[in-house]
Structures are given as C-alpha cells and as structure tokens.
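Novice: Listed below are the residues making up each chain.
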Amino acid sequence: MTAETGIGARVRRKEDKRFLTGTGRYVDDLPLARATYAYFLRSPHAHAKIKKIDTTAAKAMPGVVEIFTGKDTADAKMGGLICGWVVKDKHGEPHKAPAHPVMALDTVRYVGDTVAMVIANSIDEAKDAAEAIKVDYEVKPANVDLARALDKGVAEVHPEAPGNLIYDWEIGVKADVDAAFAKAAHVTKLDLVNNRLIPNAMEPRAAAAEYDKGTGNYTLWSTSQNPHVLRLILSAFVLGIPEHKLRVVAPDVGGGFGSKIFCYNEETMVCWAASRVGRPIKWTAERSESFMTDAHGRDHVTHAELAIDKDGKFLALKVETIANMGAYLSTFSTAVPTYLYATLLAGQYTTPLIYANVKAAVTHTAPVDAYRGAGRPEATFVIETIVSKAATELKMDTADLRRKNFIPSTAFPYQTPVALQYDSGNYPPIIDEAIEIADYKGFEARRAEAKSRGKLRGIGFSSYIEACGLAPSQVVGSLGAGVGQWESAQIKFNPTGNVQVMTGAHSHGQGHETTFAQLVHDKLGVPMDQIEVVHGDTATTPFGMGTYGSRSLAVGGSAIMKATDKIIAKGKKVAAHLMEADVADVEFENGTFKVAGTDKSVPLGQVVFSAYVPHNYPHADTEPGMDENAFYDPANFVYPAGTQICEVEIDPDTGVVEVVAHTAVDDFGNIINPMIVEGQVHGGIVQGVGQALLEAAVYDKGTGQLISGSYMDYTMPRADNVPSFKLGYKVTPCPHNPLGVKGCGEAGAIAAPAAVMNAVHDALAPLGVKHVEMPATSLNVWQSIQGAHRAAAE
Amino acid sequence: MTFSVAMTVNGKAVSGKVEARTLLVQFLRENLGMTGTHVGCDTSQCGACVVDVDGKSIKSCTMLAVQAEGTKVTTIEGLAPSADKLHPMQEAFRENHALQCGFCTPGMVMSAIDMVKRNNYQLDEATVRRELEGNLCRCTGYHNIVKAILAAAPAMKSAGV
Numbered sequence: 014m015t016a017e018t019g020i021g022a023r024v025r026r027k028e029d030k031r032f033l034t035g036t037g038r039y040v041d042d043l044p045l046a047r048a049t050y051a052y053f054l055r056s057p058h059a060h061a062k063i064k065k066i067d068t069t070a071a072k073a074m075p076g077v078v079e080i081f082t083g084k085d086t087a088d089a090k091m092g093g094l095i096c097g098w099v100v101k102d103k104h105g106e107p108h109k110a111p112a113h114p115v116m117a118l119d120t121v122r123y124v125g126d127t128v129a130m131v132i133a134n135s136i137d138e139a140k141d142a143a144e145a146i147k148v149d150y151e152v153k154p155a156n157v158d159l160a161r162a163l164d165k166g167v168a169e170v171h172p173e174a175p176g177n178l179i180y181d182w183e184i185g186v187k188a189d190v191d192a193a194f195a196k197a198a199h200v201t202k203l204d205l206v207n208n209r210l211i212p213n214a215m216e217p218r219a220a221a222a223e224y225d226k227g228t229g230n231y232t233l234w235s236t237s238q239n240p241h242v243l244r245l246i247l248s249a250f251v252l253g254i255p256e257h258k259l260r261v262v263a264p265d266v267g268g269g270f271g272s273k274i275f276c277y278n279e280e281t282m283v284c285w286a287a288s289r290v291g292r293p294i295k296w297t298a299e300r301s302e303s304f305m306t307d308a309h310g311r312d313h314v315t316h317a318e319l320a321i322d323k324d325g326k327f328l329a330l331k332v333e334t335i336a337n338m339g340a341y342l343s344t345f346s347t348a349v350p351t352y353l354y355a356t357l358l359a360g361q362y363t364t365p366l367i368y369a370n371v372k373a374a375v376t377h378t379a380p381v382d383a384y385r386g387a388g389r390p391e392a393t394f395v396i397e398t399i400v401s402k403a404a405t406e407l408k409m410d411t412a413d414l415r416r417k418n419f420i421p422s423t424a425f426p427y428q429t430p431v432a433l434q435y436d437s438g439n440y441p442p443i444i445d446e447a448i449e450i451a452d453y454k455g456f457e458a459r460r461a462e463a464k465s466r467g468k469l470r471g472i473g474f475s476s477y478i479e480a481c482g483l484a485p486s487q488v489v490g491s492l493g494a495g496v497g498q499w500e501s502a503q504i505k506f507n508p509t510g511n512v513q514v515m516t517g518a519h520s521h522g523q524g525h526e527t528t529f530a531q532l533v534h535d536k537l538g539v540p541m542d543q544i545e546v547v548h549g550d551t552a553t554t555p556f557g558m559g560t561y562g563s564r565s566l567a568v569g570g571s572a573i574m575k576a577t578d579k580i581i582a583k584g585k586k587v588a589a590h591l592m593e594a595d596v597a598d599v600e601f602e603n604g605t606f607k608v609a610g611t612d613k614s615v616p617l618g619q620v621v622f623s624a625y626v627p628h629n630y631p632h633a634d635t636e637p638g639m640d641e642n643a644f645y646d647p648a649n650f651v652y653p654a655g656t657q658i659c660e661v662e663i664d665p666d667t668g669v670v671e672v673v674a675h676t677a678v679d680d681f682g683n684i685i686n687p688m689i690v691e692g693q694v695h696g697g698i699v700q701g702v703g704q705a706l707l708e709a710a711v712y713d714k715g716t717g718q719l720i721s722g723s724y725m726d727y728t729m730p731r732a733d734n735v736p737s738f739k740l741g742y743k744v745t746p747c748p749h750n751p752l753g754v755k756g757c758g759e760a761g762a763i764a765a766p767a768a769v770m771n772a773v774h775d776a777l778a779p780l781g782v783k784h785v786e787m788p789a790t791s792l793n794v795w796q797s798i799q800g801a802h803r804a805a806a807e
Numbered sequence: 027m028t029f030s031v032a033m034t035v036n037g038k039a040v041s042g043k044v045e046a047r048t049l050l051v052q053f054l055r056e057n058l059g060m061t062g063t064h065v066g067c068d069t070s071q072c073g074a075c076v077v078d079v080d081g082k083s084i085k086s087c088t089m090l091a092v093q094a095e096g097t098k099v100t101t102i103e104g105l106a107p108s109a110d111k112l113h114p115m116q117e118a119f120r121e122n123h124a125l126q127c128g129f130c131t132p133g134m135v136m137s138a139i140d141m142v143k144r145n146n147y148q149l150d151e152a153t154v155r156r157e158l159e160g161n162l163c164r165c166t167g168y169h170n171i172v173k174a175i176l177a178a179a180p181a182m183k184s185a186g187v
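Order-wise, the sequence lines are chains B and H. With our numbering, the residue at position 223 of the first sequence is 236, and numbering never jumps. With our numbering, the residue at position 23 of the second sequence is 49, and numbering never jumps.
Don't read these hints as lab results, they were simulated from the structure. Idealized CB from N, CA, C, for every residue including glycine. You may find that some hints are simply not true.
Short derived list, chain B residues pointing at chain H, Cβ under 10 Å [unchecked claim]:
| hint | residue |
| --- | --- |
| 1 | Thr36 |
| 2 | Arg38 |
| 3 | Ala214 |
| 4 | Glu302 |
| 5 | Lys408 |
| 6 | Ala412 |
| 7 | Arg416 |
| 8 | Asn418 |
| 9 | Gly495 |
| 10 | His521 |
Make the full structure from the sequences, and use the hints.
Specialist: Given below as structure tokens:
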C-alpha cells in the first residue's frame, strides 16, 4: 500500500469510468428479451371511494397484455405493505397500523394512489390503454392540513386510526421539565414548521422482473438501497415467494436519499405479475410519479420552549411535535419522528432535562418516511433555531451561548437525558475552526459593506449532532425495530490473487467501490486494481441491511475489517506451514507474511495460491480456500458532530436571499477518502439549503392536489443557488468500531437548514422581522418584510 | 403509423422504425440500445438527456426522433477518443469527483462541453453556475462540477477538442 491509495488518500473513484462513458447499468437500462411494459393508473383524487373500475375497453386496446386492479391482488390473497418499526405510545400500546394494500381496494387515500396496473407490449400502448380504463369515484373530503389533521371533525384516513392519530408518544419526564421551567430566568419559545420535501433522486424509481417457469425463480431488479431487506419484506409479508426463490438486484442506482429504502407498491406488483404474464415486465416512474409517490420527507409542526438560567445555561427543553405520516405507514416511517428525532434533542448541549411529545398523524397525502437525515435534521432545526433565538433575546453572542452549553470533551461517554449515550466528541475546537474559516470576526465589516450596496447581510450558526449507524441490534429491537442493524462482508480471494469484496451495504453514489477497496488494499496490501467490490445482488452477496442512515462505512466497513482479520489469521497458518515456522512467530505487513526476527517471508498471493492448490498445506487444521465472511453488529451508534456557518445577503426590495458563503467543519472520526467525504458534505449542504430557501411539497388544502408536482413547480437547487463551500475537519476517532470512523452522508443536510435560516433571521432582524418559515423564498421573505413594516407603522 | 428514420450517431450511420411521437431519447435508448443518455424528468428540466445534434446542445427528450432525420448526433458514449483515454471533460469530472450516483453525469458532461465551446474556452465560476441552469444534480451540490468544468476548459483548448 502507498500513501496515494491507502486509508486517508484521495483515491479517484473506480466506478467513475462507467458513469462517465455512458456504460453504467441502471434498472431502466436493462435489455430484457420479450419485455412488457407496465404503467400504473393512479388516483386523481386525494380521498375517494372506488365504486367501479371498468377495464373492458382498455383490455381490448392494441398491445395490451394484462390489466390488474386491487381486486386481483385481493383474489390472490396478496399481503399488504408493512411498517417495520413498532413504536409504542405513551401508554405502552403499539401504534395504530392501518392496512396498506398494494393496490387500492375500495378507497383511494392520496393523489397518486395505485388503482390499476396496465401491462402492454410497449409503454406507449400501456399508457394509451390506461386512459381507456373507466373508474367511477365517489369523491370525499380530504385531510391534508397537518396542523389540523388531529382536530375533531376532520376527514379520517383509516377506520383503524380514529381521529387520524397513529401514536401519541413521549420521552422524558414532563413534571421534571415543568419544574425546571418554573425556575428559569428566561424562556425562549418557538413555533415552527419543518417543511415537507420531495427527495428527487435524479434516477426515478424503477423495477423490472422476470419469472423462470422451469425453476420457479423470480428475479426482481429494483432501484433499492437495500435489496436484501426488500426481498425479506416481499417474501415474508407481501408475496410469499420464498426468499431462496427470489433474487433481488439493485444494480447502479441513481441516488436514493432515503426514498429508495422502502418497499413500494410498483416493484411489488411488477414482481408478482411477472409470473402471471409469463414475460419480463419493466416499469420506470415518470418524474411526475416520483413527485406523487416517492415517500416524502420531514413535515412537522412544532412548538418548542427552552428554559435558561441567569448565566445562560440551558435548564430544560420542551418540544411538542405533530408529524405527518401521509396516507399509509411506509416501511420505517414510525421510527423517524421518534427514535431518530426526539432522541437527538440534546444536540451538543448539556441540557439536563428534556421532554418531547410527538403525535403522528395520517393525512390524505403521499406516505412520509426517512429522507436524508431522517428525524435528525428536524431535531437539529428545532435546537439550533431556538438556541439562536435565545442568544438574540439574551443579547448574547450566538457562538458564546453555544460554547457555554457544549458538552465538555472530558464528559464522554456522555449520557443524554433522551436515551442516547454519545461515545465521543470534542465540540469547542469545531466551532473555533468554523469561526476561523468563516472569518466571523470580520462579519460586521461585511454587513456594513453589504448595507452600503442596499443589501441586508446576516450570519447563522448551526452546531449539529448526528446519531448514525443505527445500532446495536438488541437495542433497536427493544425500541421496536423489526430488523437487526448489523452488516455483512465477504472477502473472497481468487486463486490468482485478486479479490472480490462482497458487502451487504449498497452504493448509490457513495463510492463504496472505491472506499471499501481502500480498506482492503490498506489492510491486506492487495493493489487497488486487483480488488472488486460487489454489492446490490442477493444472489452474490451475503445478507445485508443496505445503505441508509450514514451507516455503510461505520457498520459495513467494520464488517470488512473483521473479514480481513480472518483472512490474515488463516493466512498466517498457511504461511507458517510454508515457511516451516511457528504460527505465533508469523507477522503480516504490507501484503507479506514474515517470521519475526528472520528474513523468511512469503507474499499473500503465494499463500492464497497455496490455499487453492493445497499440495503443500497444513491440512490437519486448515481448510483449503481463502474466503471469509464476517458480520458486524456495532456496540453503539456513531456520533458525528460539526458546526456550519452560513452568510446570506437579502435584497429588501425583492426578498431574494443569496447564500454568499457557507462553511462546514465536521468531526467524522477517521476519514478514509477525504475527496468522497467532501462530496458528501457538499451535496448534503445543498439539500439543506434547498429545504431552507427553495423546496416545499405543497398540497392544495381543499382538494388535496399536489401543487408542487413537477420541476416547474418544485424548486430544486441549481448551481447558481449556492456558492462554493469552505470545509474543515476535526477528528475524534469513534472508540468502538475498528476503523474509528463515524458517518458523513447526512451531516450536510442535517445542519444546513438552521444555519441558513439563522442567517436569514439575523439579516432581517434590523427590520423587525421575527420569524420566517422555510422555505424562505423571495415571496415569503418579502411578505415578512412587509408585515414587519406594517407592524412598525401601527 | 411508423416512420423510418436515419441519422449518424457517434460517427455511425443508424436507422430504425419509430412512431411519430417517439422522442429522440427513446430512439437512442430503446431502438439503438444506447442507454448512456438518461431520462430524469418529463418536463425538460433536469438535463440528464442532453446530447449534441449537429453541433447544438439539445435535450433529447424535447426532440422527436423524426426531427433528427439526417443529423449527426453525439452522445456520452461517443466522447472518449479510445477505450483507455477519456475526453478532457470526462477526465476533469473524474479528477474532481464531479459525480456521485452518475445519473445526471451524461447530461452534465455533454452540457459542459457545449458550455466551454460556446464561451470560447474562457469561463469563470459565476458563468459556469449560471449556465448550468438546465442541468440538475441532487448528489454533488454542484461544487465539484463547477470545479471540473473550470479545470476542463483549458484542458479542452490545449487538446484541441
């Protein structure tokens, strides 16, 4: 291994060549002989009873192969889609679990709900036929306003969830928190909406399936972040196809951001229908379908209060949140606003008492589930907005108030009042570094200079904590998770010395083929070009949990390290035999086994060859072959942390907000490939800036129509919405995984919204503007400015 | 009703039967099996489908296959001069980690090449950001894409492409 290619090196990605030359292989790219094409007819109504579906004319259309409706799935006794995390409410009762039929049976519950599946010889013929399906709907009142979803008299989404309540959940002791508030010198209060977002991975969801009549085997290609979990759900709960007869392949996947974790209707139907049609079926979402039916993110209405003593120390935090689940409970939806949100409310601070109450509501909108950060951005937004507001109210420097309340570096491992035990961290140097990079000291001069140009300049901080690599399995199980949270790896040497590394994690942009290869290269000394990382196919990789929650390196990378340990241990036995030495004297370094204190050595390649051609081999205690499996179940979450500082300039005449500078300093523990980590941070920041300034999923409150249903209505961040970023790192290695790594995938998106909005509020404060909701579009900002002008005039 | 179309794609004469409504991108992907050009939206916003048609940068989801009759089309598959050598823009994307999931990449690279040429190999950051208006990326935050394009401009000039 060399410094250019090992751990810590900016190794250029192995996967890039195929993506840059147009030879990547995404689901829609698959050439399947005799393929048919599926198109889904969707509900145009947010809430309606289906009185009748007439497919007669459609079935007679040219090219139509088959049409399925909910009745067919009921006749086939197909199971419903599941929610894989059982949250118990404050009385210890499991959450309400309304049925989630794969195709609508007698009711549609959101615009885009699946009504019929048309399969034809071409996609155009399928779409033509879908237009000829006659559906008789009885339209009913829709419930799409989250703030009112739990009110009396609002249309109910499911009979199983009276009053639209899925659970009323709490953490912390309310009486203790109330007592602390009674003693507070100052209380800061905040009402906020965490805006609903649409994930918008650039590759739309897609599925293709093929059934082999001779063997009874199904193959499903899906844009999945976790093919084994998808297979498990389809096999055990929905379709009943035995796991060993169903192969799920997630080939190149064009981004996920959470939205491709879940088990969806369409892939389920495509898989099921493949055996009925007897030909392969392909389906790819159009972008408008992605907008309507990909699981959305965020969507909270929150009231928070922070109690502070006379010295500026936080005494207690109280949070009340209503979280939107959408029309059906998606795969991990219930966990997001509870165990991934409220347990993060301590942030980086020593706040000794925290109480959070979360009510989850169903509405006539698309399902809501994990989206980049999943609960943690929502928590960070609450904490970092209220802390900045408190600093303003107390006339304290916003950085000083944070520093005063940081968990000291000597206090780790640190038990928060909301269940988590932070394993490691050192927060003051992070904010110091961010302040240095962002030139916080020079800010007032920049504000004055902007003012001379008629612009309002503001600065905002956000000091986030993240819990990623959800673990350990025993703990998540006790909290209601239906799965374990370990990861798998297999290191399989070939006789000629090159190596395949099978991982249960899945790469859809994260660069695992490079980062994971760096690990093996660094540990075993095999050249980078002799290492192939294999992922995304249940037929070739060990069962794994996939990629989400910034877990792949901390959990999946650790599994790979465990497997390399096993390779080295076995290799030592073989090498000892070859060198006629004692195993205890054999050392392994840079790809070579050596006998300590002698000049005897044998390279790994020769050991591998001996393992496959075992003519001279320690057969008595060693099996042939060099192929090791490992499973890694972490001892704890990992806890990355950081501070972002955003500077904005606002044109008071138009309300246009420009992000003029953005700094991020993170502690991700040890870093394997800084180039890839920086890319993750850049992308995350822009998703956070998008939430803060541009993006909002909007449903018409009367009809429940999705108004922001295309790229002409939903503002995606573009290159000219953001500047180039300034990044920095601090390292406190994770103490409990073999690599000392934390996670970096979500940090940018977690911290950025609060940094941006705090900057917006800082910029607008001189005008008397108190609060702007996300997204701070020019319209929102301009109206806030006008409101402040009116208030001042009165 | 079907129509016959013929055009030159990446230097090779190609032809096929299409419907009047068949888009150029469908022709490339379905008829020719050239799946490097991607479809990321249905409103001509995302730019994943950008190709070069007779020297002009075109969103191939906005052009009918029959409109491309007789044209010379270059796609992402036709850029690299050889199996082991990339176009300077492809190389700059690789060198600057300007791609993650790779889905927007073909359109980004095609647009970027056009941008460099139209601006006579002279670009600054503000221009690059403004000119990327028609290409969406959800992974990279654009930071490294901008860097790559700025790096590729002089490299393209000196390579004479």
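Novice: Against this structure, judge whether each hint is valid.
Specialist: Verification of the supplied hints:
The interface hint given for threonine 36 of chain B is met, as the beta carbon of that residue sits about 7 Å from the closest beta carbon of chain H, less than 10 Å. A cut of 10 Å between beta carbons decides the hint on arginine 38 of chain B: the least distance to chain H is about 8 Å, and the hint holds. The beta carbon of alanine 214 of chain B comes within 6 Å of a beta carbon in chain H, closer than 10 Å, and the hint placing it at the interface holds. Checking glutamate 302 of chain B against chain H by beta carbon gives a least distance of about 9 Å; that is within 10 Å, so the hint holds.
Given hint, lysine 408 of chain B at the interface with chain H, is violated; its Cβ is 35 Å from that chain's nearest Cβ, farther than 10 Å. With a cut of 10 Å, the hint placing alanine 412 of chain B at the interface with chain H is violated, because the nearest CB-to-CB distance is about 25 Å. Restraint check, arginine 416 of chain B versus chain H: the minimum CB separation of about 28 Å is more than 10 Å; hint violated. Hint on asparagine 418 of chain B is violated. Least Cβ distance to chain H is approximately 30 Å, over the 10 Å limit.
A cut of 10 Å between beta carbons decides the hint on glycine 495 of chain B: the least distance to chain H is about 28 Å, and the hint is violated. Annotation: interface hint on histidine 521 of chain B holds; nearest CB of chain H at approximately 5 Å, less than 10 Å.
Comparing the model with each numbered hint stated earlier shows that hints 5, 6, 7, 8, 9 do not hold.
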